[in-house]
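**Q** Sequence:
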Amino acid sequence: MGSRVGAVIDVAGLQVRFGTVDAVACVDLQVEAGQALALLGRNGAGKSTTMRVLAGVVPPTSGRAVVAGHDVRTEPLLAKRSVGYCPDVGGLVPRATPWEHLQLSARLRRLEGWEPRARGLLEQFDLGDVAHRVTAGFSHGMGRRLSVVLAALHEPEVLLLDEPFDGVDPLGVEATFAVVEDARARGAAVLVSTHLRDLAVQVCSEVAVLRGGVRVATVSADHMAGDEGARAYRALLA
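The opening position of the sequence shown corresponds to residue 1 in the UniProt record's numbering, with each subsequent residue numbered one higher.
Worth flagging that the hints you see were computed from the coordinates, not collected in a lab.
Because the structure is a prediction, the values reported are computed rather than measured.
A virtual CB, placed ideally from N, CA and C, is assigned to each residue, including glycine.
All the given hints hold, so there is nothing to weed out.
Derived DEER-like restraints, expressed as beta-carbon distance ranges: (1) 133 x 107: 17 to 23 angstroms; (2) 205 x 129: 32 to 38 angstroms; (3) 140 x 186: 27 to 33 angstroms; (4) 120 x 26: 38 to 44 angstroms; (5) 205 x 167: 23 to 29 angstroms; (6) 205 x 120: 21 to 27 angstroms; (7) 167 x 74: 34 to 40 angstroms; (8) 177 x 110: 25 to 31 angstroms; (9) 18 x 74: 20 to 26 angstroms; (10) 128 x 237: 38 to 44 angstroms; (11) 132 x 212: 44 to 50 angstroms; (12) 89 x 34: 24 to 30 angstroms; (13) 129 x 94: 14 to 20 angstroms.
Model the full assembly from the supplied sequences, consistent with the hints where possible.
**A** Written out as structure tokens, the structure reads:
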């Protein structure tokens, strides 16, 4: 079965089981070109596992997961080429510098003329001064910012940002917002997983709420904003 018309990210009936535990029980999501969707939910709701499936890191147990027209199960390499992924944890080599991370990414993806964009992103995320320092001494927030830079470097059709704001200062938040807006302007589909509802509604147009590995609602970002949004969110998690 192919992807639904207009959906760059198309997830239907997704289940991911580890042993006897359903990390994702039944998730349906669609993100169109130029759209940013936030995944909200408590720890263990299935947000990161869903992102890992779309990034090609974890295989689905059942259901469909399609990115940019490529099924992650049957066309894994093509799917991965379409994606820029910022994982929730890890992903960086402690003994490598930011510039070496970018060089490796560019070589693996066979990018040409990538250096000016790489320098611009590093400056945008206030990492220009540490471009040639090994990441072992980086703070958690610096690592988060570099992970977003690496995800965005090749201007992917699908941008997956898992907890990009965790421990990040206002400058990093603003830079991440700009990356999301740039991706949307290019017609990319963006999925942002975060536990920070107030930031999610600022950067995304829609919000999907996960609970117990199931999508319980998809609503407009406006519906999740402010005090009324906080009450609505709590009700969905109850």
